[in-house]
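J.: Could you build the full structure based on these sequences and the hints that come with them?
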Amino acid sequence: MLHLLNGPQTMGNGRAFWACACLVLLAALIYPVFADPYDVGNFAYFLIWVFMALGLCLMWGYGGMLSFGQTFFFGIGGYAYGVLSVDLGSAYGMALGNFALAVLLAGVAAAILGYLMIYGRIGGVFFGIVTLAVTLALAYFLGQTAGPEWAIGKARLNGFNGMQGMSPLSLPWFGGDIDLEETPLYYFVLVLLVGTYLALRMLVNARFGNVLVALREDPQRTELLGYDVRRFQFGAFVIGSMLAAVSGVLYTAWGQFITPASIGLPAAAMPIVWVAFSGRSDLTAVLVGTFVLLAAFQTLTIYSEQAALILMGVILIVTVMFVPHGCFVGLGRIAAWLPRRGRTVRRPSAEVG
Amino acid sequence: MSALLEIVGASKSFGGVFAVSDVDLSVQPGEMHCLIGPNGAGKSTLFKLVVGTYPPSAGRIVFRGSDITRAKPFARVGRGMSIKMQAPSVFKALPVRQNLHIALQDHVARHAIGAEEDRLLDILGLTDDADRPAGLLSHGQQQWLEIGMALALRPVLLLLDEPTAGLSPEETFRTGELVRRLNAEGMTMLIVEHDMAFVRQIATGVTVLHLGKVFARGSIDEIVADERVAEIYLGTPHGA
Amino acid sequence: MFADLFAYFYQFADVFAFLVLSAAGLAVIFGMMGIINMAHGEFIMCGAYATTFAYHAGLPLPLAQACGAIVAGVIGIILEAVLIRPFYSRPLDSLLITWGLSLVVTQGTLIVLGSSMPGIGTPSGGFHIGEYGFSTYRMILFAAALCVLGFIYLLFKRTRFGVHARATMQNAGMAQALGVRRNRIYALTFGVGAALAGLCGALYAPTMTLIPTMGATFIVESFVTVVVGGANVLLGTAPAAVALAITRTALNGLYGQVFGQIGLLLAVVLIIRVLPEGFSGWLAKRAS
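Chains as they are written, first to last, in this note's numbering: chain A, -7 to 345; chain B, 145 to 384; chain C, 6 to 293.
Quick caveat, the hints were computed from the structure, so don't treat them as lab data.
One should not assume that every hint holds.
In silico DSSO-like links for lysine-lysine, alpha-carbon gap of 27 Å or less [claimed, not checked]: (1) B:Lys216 to B:Lys236; (2) B:Lys216 to B:Lys357; (3) B:Lys236 to B:Lys192; (4) B:Lys216 to C:Lys162; (5) C:Lys290 to C:Lys162; (6) B:Lys192 to C:Lys290.
Nothing here was measured: the structure is a model prediction, and the numbers come from that model.
T.: This is how it looks when you write it as structure tokens:
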């Protein structure tokens, strides 16, 4: 299995890459020792969003399906976690159970929507607008739920003000649950993220990923190689959407609130900006790029949220116009090219007949 | 004796116009069969009925004893067909080796894939280009790569739609040699072609389509000697 | 009896007008250029703001509304040349660029003009049938929607520009070889689409609060109408709007606004499962 960590679908397959990756991970692991718990909490906040970016990367970069519905599933995950934790409580490891249930619920929603779209042969730009329409409708609907009649069990949905009062994630432990906040939450998210990243690397380099990039290039040809193209698209859509729900749950647990604003516009555009800017065709680029962009966005938001959003819009326009492959994929290619330049004599171009 | 592929009374109409009308055709195991005819004869439509691009308006298609008339293309491939469409459609952004890998991965044990890729690259004369994006290959090389991908599926029936389209005479000849070698090794093939030189080179059984119907059948020598066939190719005012 | 029937019709007409007016600009640009203009809502906002400025500057409402449409159209032509033209052959990229534009415009307006501005106020005329009261302005909107449909039909079927535009849509290379100037056609088409979006904003400006994010109010309806209508604007938009308006009116009446919106969306997803190419694709297939 582990050999699948490296392969044609991922950049950074050499020793140098893995050495760097280990150093970065090490730095991330010891970071809380030197930092203020509040800052550690903020750091965890950046990591939380990366899951949905990786999910979009899988669907769009590898599978060629541009979904605008990441915040739809983010919202389903977040709200579901909120409702479950208010109604079922979070003692005895139930918090993790709620986490799993919420993600599963988003998976079911993704399966229904994905089935209707993919088996209805909706593709190209229509895939984007249908997913966006569904997303905006969910945001609109949740905005209308201010009244007391909009409650699931004890959990009030609260309209535009959003849900509050759900419990944080907690790990069952001997002698009492450990609440996951600040530093413990950071480690939890970090472990989850590293696991997700490695699992996705294996997935895209395995049979599934081979078929996914093939159908991105030419769906008809892929079908003629005997693959049921729609099953693979469906699979990628469900996995990518569930990753968005993971972000949604973690976000809700982190701040113990969620509002419809994190589903509608302009929130729905953010994953697109991160992934386009980073370079949609590679998981590592998206991981790093999303983190960098979130840090920049957060820094700027302190001064002006509008300015930060304008920057995101400008970044999207400039990236698509001038760096269509994405900035971090570009950097990765340069990095891969530099050391080779010195060592190997480039073979005269092998043009044959 | 049972045919590998059997087309019975197949018809296909588009908006009331029959592109293929009541065609019977069977391909025996080990046979290499060519489907020829002038432009608009219905060759490509018939081919697409066999591939499953669209279902026939009437008639049946039986492959290895089971009815596949309404099966989707990927299901037909799963039963042992392998298809090379007319326009080369390789995965242009992916390296040549990965193109083969994607075709091979369901048909060869994982540890053997590398060796099998090398073997196919050698047969196709693409060893030096293994790591280049397939889109950078010449037109002829792309055609061969696609034949290679079709072979990688370990088919019992290979379907080729105009494998020499757009090739130079030399490339056409090399393609002919490749096809003959495959047939000599036991591969059953159905080939749509309009290049008569190529059909003569591979010297097979031939079915001539004209205006959507079977016009003549026979060995290539019989067909070449048939004046009526020459007439439809050269075009006479009111047919035979 | 007649009053009841008219009340139903009035509800339907209201929804129909909203769908047609909000979708027309998006549909023209998508149908003729294959581009989804994600900044569509911002063109609507632009039309509404321009109308309001002109109205407060002393123009009578109809003239102010014309101004709104024209301003949006001119801005559209300029943006087409700067941002859209390099991406004709890459519809997904043009979609992303217009989305970026939408972000910049919405947030920029928030910074420059603040979160809201004084509106116009709905023209107050009304009439009664039986015991029901109706707003005249809503009926004007319905008439305007019919006029927009007629305008699109005449423009693309009966004028030289329309013939050239449709030829370019079918086969840009061939149209160019026949002497059609593609860039000009696309610029004008985009301008017409933007102006229709602006007109939508202009017409609805008196009925709603002016906020920089008001475009989002229209965007779902415009998207679903275009998706259900399919690629051919001339064939698809009107039947799509009729079907969706009937669905929406019925659901609104039975279950209220919120479920009207959700139900509309469900209907859309089910329709595209059955008719992936929308009404126009289906009609075209039946015709052949």
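J.: Does Lys290 (chain C) sit within 27 Å of Lys192 (chain B), going by the straight-line distance between their CA atoms?
T.: holds, 20 Å
J.: Are the Cα positions of Lys216 (chain B) and Lys162 (chain C) separated by 27 Å at most?
T.: At roughly 40 Å apart (the allowed maximum being 27 Å), Lys162 (chain C) and Lys216 (chain B) break the hint.
J.: Would the hint linking Lys216 (chain B) and Lys357 (chain B) be met if the CA-CA limit is 27 Å?
T.: holds, 25 Å
J.: Is the hinted pair Lys290 (chain C) and Lys162 (chain C) satisfied, with a Cα-Cα distance of at most 27 Å?
T.: Holds. Lys290 (chain C) to Lys162 (chain C) sits at ~20 Å (cutoff 27 Å).
J.: For the pair we were handed, Lys216 (chain B) and Lys236 (chain B), check the Cα-Cα distance against 27 Å.
T.: holds, 25 Å
J.: Does the structure keep Lys236 (chain B) and Lys192 (chain B) at a Cα separation of 27 Å or less?
T.: holds, 23 Å
Hint compliance for this structure: hint 4 alone is broken.
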